[in-house]
Amino acid sequence: MGIGSIIRRAAACACIASSMAMIGHADAAEKHKIFLSMSFIGNDWQAEAANMVKAMAAHKNYADKVDLQVQVAGPNAQRQIQQINAMVQAGAEAIVIFPISPTALNQVVKNACDKGVKVFAYDGEITEPCAYNIAIDQEEAGRVTAEWLVKKLNGKGNIIAITGVPGTSVDNLRTKAAKEVFAKHPDIKIVGEAVGMWSQAVARTELSKILATRNWDDINGLWMQVGCFTANSMQLEAGKKPEQLLPCAGEGSNGGRIQMLPAGTEAEGATPPYAPMGAPRISYASPPYSGALALKLAVDAIEGKEVPKKTVLPLPLVTNETIKLCQEGTWQEMKDGCNAFKPSIVSNPGWFASIFSEKTPEIGLNAALVGQPEN
Amino acid sequence: MTMLTSTSTSRNWASLFSMSPERRSVLIAIAVFLGLLGLVDFVSSGPLSYFDISFLSSGGATSAIAAIGQTIVVLSGGFDLSAGAVISLVNAVLAQGMDPAAAQTSVVYWTCVGIGVGMLTGAFNGIFIAFFRLQPIVVTLSTMFIIQGLTLLVMDKPGGFVAPDLGTFYLGDAIPGWLPMPLVVIGVVLLAWLWLKNTRFGTAIYAVGSDPDAAAAIGVRVKLTKFLVYVIAGGCYGLAGVFISAQTGSADPLVGNPLLLSMFAAVVVGGTRLGGGRGGPLGTVFGAYILMMVVNILLVLNVSAYYSTIAEGTILILAVLAGSISYSSTLAKQLRGAQAQFSAWRQGLLPSQLDRTDRRMKMPSSAEGKPVASSFLSRHSETIRYALPAYLCLLAVVIVTQFWLGRAILNPTYWNSLAVLSTFLAILALGQGTVILTGGLDLSVPWIIGIAGILLAGIVNGSDAALVYALPAVLLIACLIGFINGVGIVVLGISPIVMTLAMNGILQGFALVYSQGTPAGFSSPMLRWFMTGKIWTVTPVVPFMVLFVIAAVFLLGRTAFGRRVYGIGNGLRAAQLSGIAVGRTLILVYVLSGLCAGLVGVLLTGFSGQASLGMGDDYLLPSIAVVVVGGALITGGRGHYLGMLGGVLLLTALQMFLAGTTLPYATRAILFGLVVLGAVMALREKRS
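Order-wise, the sequence lines are chains G and R. Per our numbering, the first sequence runs over residues 1 to 375. Per our numbering, the second sequence runs over residues 1001 to 1688.
These are calculated hints, taken from the structure and not from any lab test. Virtual Cβ for every residue (Gly too), placed ideally from N, Cα, C. It cannot be assumed that every hint is accurate.
What the hints assert, rightly or not - Quick list of the computed label-pair ranges, beta carbon to beta carbon: (1) G:312 to R:1526: 45 to 51 Å; (2) G:272 to R:1491: 47 to 53 Å; (3) G:217 to R:1664: 25 to 31 Å; (4) G:319 to R:1480: 46 to 52 Å; (5) R:1330 to G:312: 56 to 62 Å; (6) R:1492 to G:303: 49 to 55 Å; (7) R:1153 to G:322: 39 to 45 Å; (8) G:272 to R:1338: 52 to 58 Å; (9) G:262 to R:1153: 45 to 51 Å.
Said to hold, decoys possible - Simulated pairs of lysine-lysine, BS3-like, Cα-Cα distance not exceeding 25 Å: (10) G:305 to G:60; (11) G:310 to G:110; (12) G:176 to G:156; (13) R:1534 to G:241; (14) R:1534 to G:240; (15) G:151 to G:184.
Chain G extracted, bound-state conformation:
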C-alpha cells in the first residue's frame, strides 16, 4: 500500500469526518479539528496545563476556529502511539501532545506529519524533526538554580539534592547541568541525594529518610526539582525560626512563592506553613501555559503562518528580590510583574504559579484554575 493511497485514504477520511461533523453542528465546517493527547492527568501540573489549553480553546478568538478534543494516554507510551494514530485517522489537522517519551513517539509522529498533520509537543520534547517543540531549556534550569545556590552559600557547604523521575530526559538534563556546576566548586558537597518524582509528598518522605540519619544543622542548602515548600515546612516543624531557613533552589509552586514573600506580608488566607516567611529561595518552573501556547501556535501553523520548529520559552525565575503578590491575578497584573497568588484564591500550595506569558494574553489565573479564558 503506497503513500499515495494512504493520503487518499486520509483525505477521504477527513472529508467524511467533516461531513459527519457538519450534521452535528452547522458551523463545524470551518473549525479546525485539533486533538490534545495528554500523558497522565493525575498530578497538579498536568491538570493545570490541561485547564489552560481548554481555556485557550474557549477564548473568543479561538472558540469559532477550534474544535478541541482532549484525550489521556496514561503513563504508557504504547497507548499514546495508538492514540496519535487514531487521532490522525479521525481527521486531525493538528495534534498537541504532552509526550510521554521524547523518542518513542518518533515513528508515529513522522507518520502524522507525512499526512499533513501538524504535531506540537509541549513541555517535553519529541526528537523527530518534523515536530514542533515548545519547552524551556532544561539544562539552563538546572544550571541557573545551581549557580544561585552556590552563590548563596559562598561556594562552600553541604547540600541535599532531590531529583525528579529517573530515566526521563528532563530530569537527566537538569540534574546533570546542576551537578556540573557543583563539581566546579569543590567545597560544595552533596551529602544526600534522593529521587523526588516531582512530587511534594515524595519529597517529604525522602527528606524524612535522609534526616533520620542527619541533622538540619549539618546541611547548608537544598537543591530540589520539587519540594522546597515541603522542606521549609519540615524545618519549621523541627523548630527552626523562619529567618534560619536554608536557601533552597527549587520549583515554582505557589506555596513556595508565598513563603518567599517577606514575613508579615498581608496575604489573604495564609496559614503557616502556607504563609509569607521570607524563605531564601530561587523558584523556577516548567511553565504550565506551554500547552496553551502550543495550541495557539498550532492554529497559526494550520492557517499557514510561519511557526518555528523549536520555541524555547523564557525560564521563569523568581528570587526574593523579584517576588510580588498578585491581587487579582489578571493577565495585565501579571504582566506588571506579580508572580504569587493569595492562598485565599489558590488553596493548593502545590499549584504551579508560573502561568504568565507575554504570548498568551488570552489566559490568566482563571484559566489555570478552572479553565476560564480572560475576556
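With the hints as your guide, set chain R onto chain G.
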C-alpha cells in the same frame, strides 16, 4: 466459530482435562473484541480499511506478545512482575548496541539478541523460583527493581538509535494489502505455543499449574518445568522489547514499565485463570487488543479526559462479566442460590427456621484434664520461622546504617523516623495482607488512598472542628469502596485483580472530577501535629501505631474473623464445607482493605499537609512486597501480621539507608532488589 474452536484448542488437552469454560471464555474474548471493532467501525468515519487494521495490529502487538509470555507463567501457577522492566531493558540494549553508521542491520541477529536478553532474565527468575522454591511474586518484584536499575545503567535517558530496517521488517506488510507483519509475528508465537502445548512439556505446564504435588506424583519434573516456563516467558518479553524498539526507532528506559498492570488485565480478560492450570495465550492476545481498542473507543466517543479512566474501568468490568455469562458463572450460581434459599424459606426449611435442638454427637467426656498446652515456642514455631528472617535482615540493615552513616542505633530520631515512615505501609499491610491471606489481591489501594486524602483535605480545609465529622465520613467512604470491591468479587464472580484494577481507574476518575484536576484544601493543624509533631522525641502517630499493631495481631490471630480468613486461604472449598460464610467474610476482607487504604490516605494528608493526585501511586507494589517479605504466602493461608510488620520495617530501614547514601539511583534500585531477594532466600533456608 465452532470450526475455529475445534482446531485451535488441542484435542489432547481437552480430553485430558475435559474442560470447556476456557474455550468458551476465549470465544467470548474474541466476540467482545469483534464487538468493539464493530463499534469503532460504526462510530468512526468510514469503514475499516486495511490501513486501520494494520495500525491497530501494530498498536497492540507489544502488549500482546508480552502478555503471551505472562500467560504461560500464569498457567504454570506463577506470576511475573518483571515483564515490563525486561521490555525496557531489551529496548535500551538494542538502542545502545546498534551502530548508527552501519548501512545494513541484521534483523535476525538483533531479534535473537533481544530474545536472548529476555531469556537470560527469565532464567534468573526461574533459578530462584524453581530451584530455590521462592515465591514468584517476590522474586520477580526483586528482579523488576534490579532490571530497572540495570536499564538505567545501560541508558540513563531516552535516546539511542534503532535501525530502521527493524521497523521496516516488523511494521511492514507480510502480504501487502492483506496481512500486516505484526499479526504474522503474533501468529508465529501462537503457533509455537500450539506446538509446545502438544508436547509433554506443554501438558506438564498445565499439570504444574493445576496441582504441583499431583504433577510431581505422576512424574512431571516440576522444577524443570517451572524454570523453563520463566525462560520462555522471558523470551516473549524480549521479543516484545524488540518489537517496541522497531516501532519507536529508539529507546526509552521507562517505556515498558507501565505495561505491567494492563498485561495482567489482558491475561484475565482473555480467560486465563490466575493461579494456574486454565486458559491459554490465544484469549490473552484478544484480551490485549481489547484493552488497546479502548483507546480508540474513548476517542471516537469523545469521552472527556476526566472520565476516561472511569470509562476504561467500566469497559474492563463489562468485558470480564460478558465473558462469564453462563449457567455455571458465579452470578448465575448466586442467583440460583438466592432462589433456593427463598423457596426453602417459604417451605420453612431454612436451618434458622428449624427447631434448634442440639444435634451434635455425644462425645464421651473421657479425657479428664485439659490437653497439656505445648510450649510457646512449639506453638508458634511456624510463625517465628517465617517472620524471623525479616527481623534479622532489619537488624543487619540497621547495623550497616550505623557503620556507614553513623547515628542510627543510639539515635532516637532514627527510630522515630523509622516508625513514622513505616506507619503507612504497616497499615496497608494489614489490609493487603488479609486480602492476600484469602488468596486475593487488592490493586485499588493507590486511588483509595488518593480519594480519601483528597476528600479529607477538601472537607477539612484546615479546620480541626471539621475533622471530627470528616474523618468518619472519609473512612466510611473507603469502607464502601471496599464493599463494592467485595461484592464485585463475591457476587459477580469477577477476579480480584480485574475488579480492583478497574476500581482503581474508576476512583481515579472520580478524584479528578471531584477536584477538577487540582485538589483543594489542606490538612487541619491537629492532624498535621499528629503526623509531624513531637512529644519529646516521639511523634504522636507512633503510640497509635503500636496500638494498631496490637489490634491487628488480635484481629487476625484471636478472632473468629481471623480464623475464617486463614480457613478460606487454606482452601476455599473446605472452608465452605465447614460452614464458614465465605462470601460474607471475603466482602469484609475487602472492606478492611479499603478501610486501611483510606486511613493511610488520611494520615498521608496529615503528613504532607495537603493531598495530591496520585499520592497513593507509590504504595501499591510495596504493600504487596512487605506482605510477602514478611513470610506470607501469595496464594493464601499462611502468614502472620508481625511477620508483615517485619517486612515493613525492613523495607523502610533499607530505603532510609539508601537515601542517606549518595549512590546513584540505578545502583540503589539494584541493591534494593538484591536485599529483598536475600530476605526471601533466608525465608527458604528456614523451610528445609
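Right, here's what the structure says about each hint:
The beta-carbon spacing between residue 312 (chain G) and residue 1526 (chain R), approximately 47 Å, falls within the hinted interval of 45 to 51 Å. Between residue 272 (chain G) and residue 1491 (chain R), the C-beta spacing of about 49 Å keeps the proposed range 47 to 53 Å intact. The hinted window of 25 to 31 Å between residue 217 (chain G) and residue 1664 (chain R) holds, with their beta carbons roughly 27 Å apart. Distance hint check: the CB atoms of residue 319 (chain G) and residue 1480 (chain R) are about 48 Å apart, consistent with the given range 46 to 52 Å.
A hinted range of 56 to 62 Å holds for the C-beta pair residue 1330 (chain R) and residue 312 (chain G), which are about 58 Å apart. Checking the proposed 49 to 55 Å range against residue 1492 (chain R) and residue 303 (chain G) shows it holds: the Cβ atoms sit about 52 Å from each other. Take residue 1153 (chain R) and residue 322 (chain G): their Cβ atoms lie about 41 Å apart, and the range 39 to 45 Å holds. Look at residue 272 (chain G) against residue 1338 (chain R): about 57 Å separates their beta carbons, and that is inside 52 to 58 Å.
Separation of residue 262 (chain G) from residue 1153 (chain R) is about 46 Å and conforms to the stated range, judged on CB atoms against 45 to 51 Å. For the hint linking residue 305 (chain G) to residue 60 (chain G), the alpha-carbon distance of about 20 Å falls within 25 Å, and the restraint holds. For the suggested pair residue 310 (chain G) and residue 110 (chain G), the alpha carbons sit about 16 Å apart, so the restraint of at most 25 Å is met. Using a Cα cut-off of 25 Å, the hinted pair residue 176 (chain G) and residue 156 (chain G) holds, with the two alpha carbons roughly 20 Å apart.
Note on residue 1534 (chain R) and residue 241 (chain G): the hinted pairing holds, with a Cα-Cα distance of about 16 Å set against a maximum of 25 Å. Between residue 1534 (chain R) and residue 240 (chain G) the alpha-carbon distance is near 14 Å, which keeps this suggested pair within the 25 Å criterion. Of the pairs offered as hints, the one joining residue 151 (chain G) and residue 184 (chain G) holds, with about 12 Å between alpha carbons and a cut-off of 25 Å not exceeded.
When each numbered hint is compared with the structure, no violation occurs for any of them.
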